[in-house]
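Put chain B on the given structure of chain A with help from the hints.
There are 2 protein chains.
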Amino acid sequence: MEHTQVIDPKERLQFLLEHNASEELASYLDELSSQEVVYAMSHLSRTDQSKLIAMLSPEDAADVFEEIPESQAADLLLDMESSDAAAILQEMESDDQADVLMEIESEDAEEILAQLSLEDAADVRKRTSYEWDTAGGLMITEYLSFHADESVEQVIHYFRTHGDEFEDLHIKYVYVVSRTGSLEGIVQMQSLLMAAPHATLSSIALKNILTCYEHTSLDELGDFFDTYDFYGVPVISEDGQMLGIVLRKNVLEAYAEQVSIEHMESQGIVGGEELRTMPVLLRSRRRLSWLVVNILLNILAASVIAFHQDTLSSVIALAVFLPIISDMSGCSGFQAVAVTMRELSLGTVRTSELLRVWLKEVSVGLINGLVLGALIGVAAWLWKGNVYLGFVVGGALAINTVLAVSLGGIIPLILKRFGADPALASGPILTTVTDMMGFFLALTFASIMLNTTGAIH
Amino acid sequence: MEHTQVIDPKERLQFLLEHNASEELASYLDELSSQEVVYAMSHLSRTDQSKLIAMLSPEDAADVFEEIPESQAADLLLDMESSDAAAILQEMESDDQADVLMEIESEDAEEILAQLSLEDAADVRKRTSYEWDTAGGLMITEYLSFHADESVEQVIHYFRTHGDEFEDLHIKYVYVVSRTGSLEGIVQMQSLLMAAPHATLSSIALKNILTCYEHTSLDELGDFFDTYDFYGVPVISEDGQMLGIVLRKNVLEAYAEQVSIEHMESQGIVGGEELRTMPVLLRSRRRLSWLVVNILLNILAASVIAFHQDTLSSVIALAVFLPIISDMSGCSGFQAVAVTMRELSLGTVRTSELLRVWLKEVSVGLINGLVLGALIGVAAWLWKGNVYLGFVVGGALAINTVLAVSLGGIIPLILKRFGADPALASGPILTTVTDMMGFFLALTFASIMLNTTGAIH
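One line per chain: the protein sequences are A and B, in this order. Letter by letter, the first sequence follows residues 3 to 459 of the working numbering. Letter by letter, the second sequence follows residues 3 to 459 of the working numbering.
Here chain A stands alone, though its shape is the one from the complex (with noise of 0.2 angstroms):
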């Protein structure tokens, strides 16, 4: 586990590039760990990258295509002659290689698909038609199985015959099918060891198995692997044919990465998923259409204070006090965002709970209204020796911190009940009515003062 790695990995890459030295290139990116040489490969130029490539052979590039980020290896991909790439492409994971192919445009990839075999190519096809986030885009075709009524020596001496086969496998289970290809059974390892030679794989299987079926989502998969303590789950098509594996490890991964998508998207990274590496103009444009959006709903948000001007001018210290009642409105709603989305993956809420989720929001937003207003209040009185303005300023931010905070604890609610994107849209929703009702609670109530009191100055 210690790498004491003396030299920066990506000086090392660049130097064996440099000097060709196609051997040792491949033996020093065997020694290095997976993040050394994501780091790696992330600083060289794409032409160096599509260099040390070129210098591998298909089983060490695909290698290195598994650790990359998929964006990457996709452009790299495309970099090269179409052969080349079916000939990497043949040596990955059956679900890595769906994973980099969807993130090239069908034309392309249908010239990289043309140089596999017509069947290969067709697996790869069908797997590309699943959602990523689906046990068909989740599952790998890696599996052993035996039929059922094959014998537990005859299994014992299969594995003693081939175990040379499987050394980089690590097999779990075998499964046991019928002769039509229906799954019928699985049977662990430690069965076989358990069980007399002579039975049939049939006989000691354990039947009645949990399935899934290609469409089966990551959330019923994250769900059935909290349940139960497999290692991977079948997955079986409508008439019982086995298809593949879930892993446990793969839903949890891809459980990873959706949380990590869905912060990326409430912070305006459109897609989810943005490198550094990636081309300015495609990195500015994904930020901009999410930026666009949110300046126009600024301008409209902003508009109240346009139909305000009167009372601004009258009383001008507020012009303080907006951005922050906007700022401080948009804080506290983004906490109940945040809370109900976490309680949507944990399972703890659901969307139909609107009303129970606003009450507990409620109540919250209210003492905390109260403590921000007070605080926002007393700064504005001691500064201008105005209580009235300490009221205007004071009482709108404790009665928008609780439209927020109710607001914010709902709105993902809402959304996803509509089928929309939480992650995405919560957020920008959000701060435009608390921004409008924000300005307009301050500017009225100041309004209301000056004509009542005409104390504000």
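None of these hints come from the bench; they were simulated from the model.
Copies of the same chain are indistinguishable here, so a pair counts whether it falls within one copy or spans any two.
With a cut-off of at most 30 angstroms between alpha-carbon atoms, the simulated DSS-like pairs for lysine-lysine come out as follows: (1) 418 x 12; (2) 209 x 128; (3) 251 x 209; (4) 12 x 53; (5) 251 x 418; (6) 128 x 251; (7) 418 x 128.
Quick look at chain B alone, frame taken from chain A:
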């Protein structure tokens, strides 16, 4: 995988509770998926939760405790007699035990531990001394080990005769230890199948195996499992004694948890976990601890406006745009923060690469700044028919966007380098700096225009 639950689990639980049907309760809970248990439990009152746990056997109660959030489990342990708590604790898996106990004040935890045997209590105490995100905190202590001089036949015999004891355990390896307890190697289940019956474990064991120490971090473990397709890695003490195993699945789960906690923290949920079942005052206090810092920083930023109040009264239209500049700069900066946080966790960036990240962000910031500045500038010009106002507002947003984006990219790196938590602190620092700069730029530009052209009204 299909749970056709017609009745809402929380209502069914409530019904069984009211009728004191403890046997049906246990079997019903067994039928529920993990998410349904979490959902139903979080919808019972704390009294009902306690009542439910009291109706279950310690084994069944332990199963529930392993599903629900740790803070909830800890509360329930505190509600019961310490002997009952200890009985349940003893049935939980070693890693979950420690996680729950760490949520309890040490005095209360000691009261429960006093009910365990001295040895068990010492074990648990040792476990709780590890950080949750280290090998010590993540490892399980349930594993199978045999002495190096035992034969394959003996081990197979042991499995055949003791098989039922491990029915729930999915054994992937057995660990081979010397007479003094130091780890000599591991044997895969498939190797037991392939080996000659009289071979000693020592002769078929994989030696020189990779191990980790108690204090190996989650990041290192994640990197390890990225690189090696192992099911688990043994944890050894400095003197080579085997302490436990860290499983890949627990590392992946902890990683997803870490991403999720970082996301919550970046939205101002201090401590990283909040459930709506927690007491209102606790939730409110934890959210406020972050909001109060934020409002003080907001007041600091807004003081820039206060200093330029004269300019503002002459150009009251500017008050409409100050909140927009503040909000949009924040949005642009947060995008860059999110990309850096993502790249840190992928490993494509290191904390030393300030200049590289800064340059990469400046280029995106320039493009986005120009686009956003032009948009807001045109909006201002059209609204007031004053092209100077457009230049003031658009220029301020354009420059401030470059600043926000490039700062947003490097702030997490700087914070991490100095050992601070980038998830929690990046946002407030970023918005304070960009607000101050944004207000300063807009008001200064306005005052320059006023002085030179007098053309803004």
